[in-house]
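Q: Please work from the sequences and hints to get the whole structure.
These protein sequence lines are chains A, B and C, in that order. Heads up: the first sequence runs through residues 1 to 340, numbered per this note's numbering. Heads up: the second sequence runs through residues 1001 to 1455, numbered per this note's numbering. Heads up: the third sequence runs through residues 2001 to 2192, numbered per this note's numbering.
Treat each hint with caution, since some may be false.
Listed next, the in silico DSSO-like pairs over lysine-lysine satisfying Cα-Cα at most 27 Å (straight line) [said to hold, decoys possible]:
hint, chain 1, residue 1, chain 2, residue 2
1, A, K190, A, K76
2, A, K264, B, K1432
3, C, K2159, B, K1288
4, B, K1201, C, K2192
The hints are simulated quantities; they were obtained by calculation from the structure and are not laboratory data.
So the chains spell out like this:
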Amino acid sequence: MIKFIVKHPISVFLAVVLHIAILVVFSVKWTEDTEVLKLSTQGEKKHEIKQIKQIEPMKTFTVDASQVQAQLSKLKADQEARKLEQQRLAAKTDKERQRLKELQRKQKLEKAKADKAAKKAEEQKRKAEKERKKTEEAKRLALLEKKKAEAERKKAEKAKQAALDAEKKTKQAKQKAAEAEKQRLAEEKKKKALEKELQDKAKEKKALEKAAAEAKRKKEQQDAAAALQRQLDEEAAEQREAQKRKQLLTLRETYISSIAAKVKDNWRTPARISPDAQCDLKITQSPGGNITSVKVLNCNKEATEQFKKDAEKAVYRAEPLPAPPVKELFERDITFKFKP
Amino acid sequence: MIPLNLQSRLINKIQPALFSLLLLFSLPAWSELTIEINEGYENALPIAIVPFGYEEQLKTGEENSSAKGKVVKAPVDLAAIISADLRRSGHFRPISADSMPAYPTDIEGIDFIDWRVLDIDNMLIGKVVDEGNGLYQIDMRFMDVLRKNQVMGKRWVHIPKDKLRQIAHQISDLIYEELTGIRGAFNTQIAYVTLRKVSGKRLYTLEIADSDGFNPQPILKSRMPIMSPSWSPDGSKLAYVSFESGRSNVVVQSLDGKYRKVIANFKGINGAPAWSPDGKKMALTLSKAGSADIYIMDLQTKKLRRLTRNWSIETEATWAANGQSLFFNSDRRGQPQVFQVFLDTGEIRRVTFEGKYNGNPEISPDGRYLAVVHGQGGFHIGLQDLYTNEFTVLTDTFLDESPTFSPNGEMILYAMNKNGKGVLAVVAIDGKASQTLKVKNGEVREPAWGPYLNK
Amino acid sequence: MNTLHKVFSIAAISLLTACSSTPDRGVNNGSNDPDVTTDTAPGVGDKNESGVEIIAANGNQVEGKDLTNGQSLDDMKMVDVDNIYPPIIYFGYDQYDLDDEGTDVVRYHANILLENSNKTVILNGHTDERGTPEYNLALGERRAQSVAQAMMLFGVDEKRIEIISFGEEQPVDAQSNESAWQKNRRVEIVIK
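A: Shown next as structure tokens:
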């Protein structure tokens, strides 16, 4: 070894120098001082709380009840007229009178039946129309989702207003038609009554007891018919209410799922997340669709802290949240299951 | 230079004392590893790393006025380093400085709406302050653009210029962890061997560099092969195979150069060093009993324990994450496959079954994944999930070998052959992001990713 | 000595290119790879200086048979009196068994050792670049061990044989193709 050093002094010298140099390079140590800078986070925006408007109940129409009422008053007049007639004129044969009355009653029942059928058809048509409108509304919502929130809300409101207007118009038209029909029927009956009066004049006066008994029976019949009609009317109204409730529920579902969809669209993460990760997101929003707070709840095992963090971010990225199709449907607190 | 005939004389009689003098040639300046990013994730997250501001600390009188109006830039572009780190991970897409609406250096200067429209969720702002005397202060603030608030803010003080890159890597680590939930591994080092031709002769150099290939520092140069660097768990030492005596020996050297010792120079081969997780033992391949077998050396007492006794080749041992078993390559079934030996019972079981050749096992830091060199019509890096036994081939480059996990287990660094030259490549463990690192005037091989530098 | 070495190499190469088939044995020339032209394996070339002398094979030949078939030495005889075998033995991919040709090379050099009892031999085992470096280090050793065992069977004392494996680290042809790999899978015999 010494021989080697003597023989190659330069290389040995170089080796030593470099060794020392490397030693120096590696022996320089440094310490780092890190300090956490503290910063207050910006204050949360005060959010507006808007009262949710009460949903106005639909007006219902009791077309047939009033008709029955008119009928009743008319019948009373009939009785009085008949009384006078009895005094004035000789009694007519019972048979004739009975036949006529029977005819009249039949006509009336037939008319009531026809009215009910017409109304049912109308109801069905209206139901179909609403169904069509509902699907259209859903489609339109999906389309609007991509546009600015303001425009979206305005449009939705306008459309809804138009829909409501159209509905109102249809109802008004129907009401008018029903009233016209009532008028017509009343007049027809008056005419018939006059005819009958004339006929009655030719008829002989019969026993008062019989007539009174007959009148009483008829009255009972009419009362029963009226009760039935009332019941039918009530049922129809109830059905309409349920229909409307159901419709609103569907719209609400569509609204919430449109929010969930937008959040899902805005999900992205550089982290490795299990495809099974799932949490409930509870969002508090202002009427403009701006986020006031997000809570991540009821997570499953696969949902890591990073997943919760990123789910929250997806909500903020989805701001502003989609507006409801109808104003009344706006909810400040929205909760839905989130699984990206 | 050491005459070759001297080396030949030394072949039979190894004199460890000589090692400290040997093989330190002076050489031209070191060229840095250059990185080529091949692939990233399709939906990498956009992020804004705003160029850092630069301030000179207020000085009194003339000095202050003379500095006025001068455009001074920070000595190191921290934002560029951080951007490159994040991009390399494959998970992020830092937007270019040109496309930024402004270069704020403090929170007051941020108009969040401007960044929101660029689809930016997070941005980094910061500044470098010249403290004088070659020291710097670095401030950084990581902002949430969505919620318009600060996610984190940090300050480093009294940082010398040559450590500024390291601070940048630390910032990258913080951002990576914040956004992925996984600790970043940017502020780490890699070791590798380069092979160059110097006046027609091979020159092997063992180098360490930052994980991005910068700051390469040679720690050993030799005319004879250098192989299989292995980091001590604390990152202060490297074990490797050196042929400086004319044959394979295992050497342990501290990075500061203060310590260097041949720990194995038995008859036959001395190879494949692997540090135990507690740093107290070293797995080795020795053939002193006739054929290559796995041994464990107690580094304190130098006592050896022989783990395998086959006439077949047993080599390339690596420790399980819990230190209670080792994985190794054995051709006892005819072709190399990975086996596992349990230290308490000595029980041995076969681990790999996929394909004809599975060698050079490496275990991920969490113990879940086994990376291997997978030979099946070519050599590629394969990954076996030890929980599910699912096997995937991660790479499709040429002659891939020497896989090594990043300390966070997210990436695998390996050696491959590109256009007839050895280069290093990095691939994400899901195979979705990759990049290559190469040296200008030589080949680079046998990489080993070092542990975390702090904590 | 250097000159002698060169003379020997040239003689060996011309002889081999004339009579041998695969592989191309122009190993020390390496003229098809400019990168390695001047680069004989370090630690090998200079050792050859002392190891390589032209020694005429003597006429005391016995008939040779396949060693791997486990025959006893007694009926082994030398053939190919006039052949001069360059000190390199080649192997198949991931193989370490000697073929007939390799056995001839070993026998030739074993004889040189037997006739020069003052000489020792170093067997340098090498592999191609495919497969992992550490496995190849072990494989290179196995190839050298195969040659050593054959030499011992031919009568060379174990004490005179030294084995060194370089694995894939010292290719004679640094290219990555089949012909380069073929040249690199070898054991070099260095007598000195």
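Q: Each hint should be assessed against the structure and marked as holding or not.
A: Verification of the supplied hints:
Distance hint between K190 of chain A and K76 of chain A is fulfilled; the C-alpha atoms sit about 13 Å from each other, no more than 27 Å. Annotation: proposed proximity of K264 of chain A to K1432 of chain B holds, straight-line Cα distance about 24 Å (limit 27 Å). Only pairs whose Cα atoms come within 27 Å are accepted, and K2159 of chain C paired with K1288 of chain B is accepted, the gap being roughly 15 Å. The hinted pair formed by K1201 of chain B and K2192 of chain C meets the criterion: a straight-line CA distance of about 24 Å does not exceed 27 Å.
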